[in-house]
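Visitor: Sequence:
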Amino acid sequence: MSNRTRRSASILLCNLAALLLTLNASTSALAQNATGPLPDPDPEVERKSFIMADGFEVNLYAADPLIAKPIQMNFDSEGRLWIASSEVYPQIKPGQEANDKVLIVEDADGDGRAEKTTVFADGLLIPTGVEPGDGGVYVANSTELLHFKDTDGDGKGDAKRVVLSGFGTEDTHHLLHTLRWAHDGMLYMNQSIYIHSHIETPHGVRRLNGGGIWRFRPETMELGVFVRGFVNAWGHQVDRWGQSFATDGAGGEGINYCLPGAYYVTAVDATRILKGLNPGSPKYSGLEVASGRHLPESWQGSMLTNDFRGNRVCRFVVSDDGSGFASREQSELIKTRHASFRPIDVKMGPDGAIYIADWYNPIIQHGEVDFRDPRRDHSRGRIWRVTAKGRPLVERPKLVSADVPRLLEALAAPEDYTRHHAKRVLKDRGAAKVVPALAAWVKALKPADARYEHLRLEALWVYQGLNVVEPALLGGLLESPDGRVRAAAVRVVEFWKDRLPDALALLAPRVEDENPRVRLEAVRVLAQIPSQQAASLAMRALDKPVDTFLDYALWLTARQLAPAWLPGVQAGTFDFDGHPRRLVFALQAEGSAQVLKPLLSLYRSGRVPNEQDEAALNLITAVGGPNELALVLDLVEREKSLPSSRRATLLNALVRASRDRKAVPSGDLSALGALFAEPDDALRAAAASAAGAWKIVGLAPKLTELAKDEKVAPAVRQQAVGALLGLGDAESARVVETLADSGGSNGVQALALAALASHNPQAAAPRVARWLASLKADQADEAKRVVARFLERRDGPAALAKAIADAKVESDLAKLCIRDVQASGRSAPELIDALGKAAGLGATNRVYSAEEKTAILAEISHGDPARGEAIFRRAQLTCLKCHAVAGSGGQVGPGLESIGASAPIDYLLDSIIEPNKAVKENFHSLIVGTDDGRVINGIKVRQSDAELVVRDADDREVAIPVSSIEDQKPGPSLMPNGLTDPLTRAELVDLVRFLSELGKIGPYSVGKDRVLRRWQALESTPEAATAMIRTSIEAVIQNQQSWAWRPIYTTVGGVLPSGELPVNPRVNQAPPIAVAQSAVQLTTPGKIKLRFDSAKDLSFWIDGRRVEPTSAEPDALVLDLDRGAHMLSVAFEPARRPEGVRCILEDVAGSSAQALPVLGK
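FYI, in mature numbering (1 follows the signal peptide of the UniProt record, and there is no 0) the residues of the sequence shown are -31 to -1, 1 to 1130.
Any given hint might turn out to be false.
Calculated lysine-lysine pairs in the DSSO-like style (CA-CA distance at most 30 Å, straight line) [claimed, not checked]:
1) Lys745 <-> Lys822
2) Lys1130 <-> Lys886
3) Lys753 <-> Lys850
4) Lys17 <-> Lys85
5) Lys85 <-> Lys118
Pair ranges (Cβ atoms, derived) [what the hints assert, rightly or not]:
6) Gln845 <-> Ala67: 30 to 36 Å
7) Ala441 <-> Pro1016: 44 to 50 Å
8) Gln845 <-> Ala742: 19 to 25 Å
Read the hints as simulated data drawn from the structure, not as lab findings. Predicted model, so just to flag it, every value in this text is computed and none were measured. For every residue, glycine included, the Cβ atom is placed at its ideal position computed from N, Cα and C.
Work out the full structure: start from the sequences and follow the hints.
Guide: In C-alpha cells:
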C-alpha cells in the first residue's frame, strides 16, 4: 500500500469515526451508568476472585503500567515474553496518532514476576500478532506482516521491513493475527471471516477470502493456505506429534482438529465442511498444549484455551478417534465472576508455568457496543502466571548460548517449550553448522530408549526446518512402529516430494497402513501430486474402514485431483484400477455435470455398489439433464422396494432440479398420478408438488380431489393446491380461487389463499382481506402463514396493505401478524401500518424513554433469574426458536450460553426491546430478490459460485441459485420489535436478570457435562392417543415416523421440564404419559453410558428396543452401540416426575467408543 493510499484510508477512518461519535453520544451517556460501578481494577482484587483448579495457584507476572492491552504473546528462545499491545483498539479516534506497541517483558531474576518492560517497536496501528524470530520479531500490523530488527543492540527495533502486504482490513479484530512458529520451521498466521487477502509473492499471488490459517516459509517466501474457514480463530497450536488444532473466538465448536487443506464453517465456496470436536461450546480464544515436568502427569497433553466471555481458562483432554480426534472438556483452570477478567492468550513458559494474557476489559463487544463507550478500558492489562502447588519449577533452559550438541540434547526435554525453541535456535545456526552434528546425534540414539521414535521425529523436523532433505531418516520413520510417528513423517513427504527420488513409492504403503491417521495423512499428501497415479493410490484407502475424518480427506483429495483423473475417466482410459467403489466415490466427490456420463454408465450396468446407490442417484438428480432425470423418475414410480421416504426425497430433488436448473424429466410424465394413491403422505405431497412444477395439466382432476378431501393430510392438500396454480391453466386457477372464496373449512381456504398469494398477490389480496376480517385471535397461526406468503413476493406487502385499508381485523390477531412481518426482515411499513389501522391499534410497538430504561436497569439486580428462565422458555416469546443455549435451539440468532458474562446489561436490555439497535456481527440479515419475483430474507450461511444459502426466520436453510438473483441488500434483525411488549415490567426485569446470569459461575453456566439437551416430545394428537390406547407405548416408539413430534430443549441446567411436555392418554384410565426422544452420535463404536439424575419411574428404549439399567448402576444405561446416530426414548408419568429428566453422556472405562449428543434445533 502506498503512503498516499495509507493516508487516505486513515482520513476515511477518522471521518467515519467522527460520524459514529456524533450519532452515538446519547447512547454513551446512558451506557456510562447502566451497570453500576465497574470492577475494582486492583490486580490483587482480581487475583483473589479467581477460583483455581485443585492443586494450582496464581500470581501476577506483569500488569499495567508496565504493559497495556495485550492482544497476543509469545516467548522467545531467551525466555523473554513478547507482547502485541493496542490501546487504540477497537478504532482510532479522529486526530489520534497511532502508537500501539510491541513490548518485551523480562523476569531476569526468575522469581516469577517481571521487573522490566522494553518498548521494542511503537507507532503501530492495532498490531494483532507477534512472534520473535529470524533475528528480530514478526508483527501482524493491519495490512502487513512486518519484521523488526535491533541492529545496534539498544533493545529497540530500529530496522523495519515489510515482509508481506495485501492482507485485508475490513474489520479490526479479523485482521492478520495469531502468529505461530511450528515444528516444521514455518510461520503460521490466522485471519478471520470478513478479511479478503491478495498477497503477491515471488511464487505468484496467493489469495484467501474469508477466514483461515496461512503457512509461510520466510527464507523462500513460499506462502500457502493451510486450512480455510472459521469465524474468528484466535487460537492455533501443534501437539508433540505435529497435529494442529484451533479455537474460534466467534464459533461454537470448541477444539477444532486442523486437517490439512480442510474447509471449516464460513469457508468461501465450501460445499462440505469439517466440524469441530465440541459442538455447543462457548467461544474460545488462544490455545496451548500443557506439557513439562512441573505439571501433574494427568495434565500432560491437555489443551488450554480461554472462554474470554465467561471469564474462564478452560481445559480439554483430546484423544484419538479413528483417523481424527475427540475432545472432552474438564474442570476449569481458572474461573471467576470478575467481569473484567478477559483471558485471550495462553502459553507455557520457560519455567514450566502457565502464562495467561488478560486483556482486562468490562466491554468486549466489537460492533454491538459503541466504540466510544466510556466503560471500554484502553490502558490496563495483566499477565497471570499459574503454577502447580508443591511441584518444582523447571530450570529455564539456556538455549541461545548453547552449542549445537547441547541444543540437540534439548530435543529430548519433556517440555514442549524447550524442544520448540531448541529447533528455532538450530535453524538460526544454519545447516552448515547443524547437519553434521545432527546426523551423528541420530546415529547415536539407542533403539531401546522409550523416546527413540520421538527423538528421531524431532530430528526429522530439524532437517525440515533447515530445508535439508534426509531421505534415509524419513524412510525409517515411515516404517516406525508408532503410528503417530508414521503420520508425522508422511506429512513431511509433502514438502520434500519434489526432491525425493519417488514420493509416490513412499506413500503407497501408507495409504493401506493399519493406522487410520497414517492413511489420512497419505491421502492428503497425495492431493499435492497432480497425477492419475496419485489419485489411484489415494482411493485405495477406501478398501479399509473409513470414518468421518478419513471420508472427508478422501472427498477433498478426489476433488483436488479431478483435473488429473477425470479426463481419463471420460475418455475410458482410466477407471481407478477397475474398482467401481473407488470410481463412484471419486465421481461423487467431483460432483459436477462432467461426471454424469461415466456415472450413468456405471449405474446402468449395475456396477454401483449398494451402499453408494443413494448418493449416486442424488448426484444424477442434481446435475442430470432431462433423460437422466427420467431415469430417476422411473425408479421412483416403479421401484416400490425403495423406502417411501427415499422415493419422496428423490422426487423432491427432481422438483428442485426443475426449479433451479429448468431441467424436467423427459417422456410421458402422466404416470406420476399413480403416486397419489400411495399410503405415505410425504410421497403423495412430493408427487403433487412435481405435478405442478412440471405442468402436467392432465392430473388437474386428481389434484383437485386431493385438495378438497378433508381426510387427506394437510401437507398433501397444501401441495395439491399449490400444484393446481403451478399447472398454469385457467380452469385449475379457477378451482383454487373457488376454494379461496368458499373453501368449506378454514383449513383448505387458508391453503388456497396462501397458494394464491404466492402465485398472484394482486388476485389474492382482496380475498385475504375479507378472510382476515372473519378470523379470531385463536386462528392466528393460519393467518400468519397466509400473510407470510405475501412477504415472499416483491409486490406482496403493498398489495395486501392496499386491500386491507378499509377492513377490520381483530386486534390480537393483527398484533401477531405485525410481529411476524417485523420478524421477516422485509421492510414493509405500509403493511404494518395497514394492519395496525385495521385493528384500531395505536403505536405498533412500545417505545421506552431513556428514563424508563435507566429505571429498569436499576432493578435488574433484584430480578429473579429462575422466573426469568421460565419466561424465556414461554412458547409465545419464541426465544428458543431462534437462539440456542449450548448448541441446542434455533440457529438464526446468536448462541446465548455465555451472553451474561460477556455483554453489559444495558446491551441485553436494548437487544430485547430494540433488536435493530445493535445487531450482533455475523447475524445481519440479507434480503434477496430473485428473477421470479420472490423475496427471501435470512442470515447468510454460505455462498458458492452456484448458490447462496441463507437461514430464514423459521431456521430453514434456503438455497438460492446465484443465476436467479436479481438483487440483494442488507436487512434488519430477524428478531421482531415488540416481542416483549406483552410482558409486565417485573417480567422484563426477571428476563434480563436471567440473561445477565448466563455463562457466569453458578446455576446458569452450562458446565462440562455432555448433557442431552435437544429432545423431541410426542405431541398430544388424536392419532397418537388412539395408538397409545389400542396398542402400546413401545409400538408408538417403534413407529415414531407416524406421529407428530415437537422440539423441546432442556433448561440451562440440563433438565427436561416435566410440566412443558405434552401428554397422551393410556388404556384403562391409567395416568397420562409423556414420551420424549434424544439422539447420540457415535463416531467410534463401543460401550457408552447414559446417566440420569434418577431413573426412578422412567422407561427406556434405544432405537426402539427396550433397555433397562443394571443393578450395579440403577440410574444409568450402559449401551454397546455401532457407529452412527442412535435414538434414546424415555416414557414417564409427569405427575410422578415433577423434577423432570436430566441425562448425561459418559465414557465407559476401557471402551474405545467416541460419542456426542446430537444438538441443533
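Visitor: Take the hints in turn and mark each one as holding or not.
Guide: We went through each hint and held it up to the structure:
no., hint, result
1, Lys745 <-> Lys822, "violated (34 Å)"
2, Lys1130 <-> Lys886, "holds (27 Å)"
3, Lys753 <-> Lys850, "holds (16 Å)"
4, Lys17 <-> Lys85, "holds (24 Å)"
5, Lys85 <-> Lys118, "holds (20 Å)"
6, Gln845 <-> Ala67: 30 to 36 Å, "violated (50 Å)"
7, Ala441 <-> Pro1016: 44 to 50 Å, "violated (60 Å)"
8, Gln845 <-> Ala742: 19 to 25 Å, "holds (24 Å)"
The structure is inconsistent with the numbered hints 1, 6, 7, although it conforms to all the rest.
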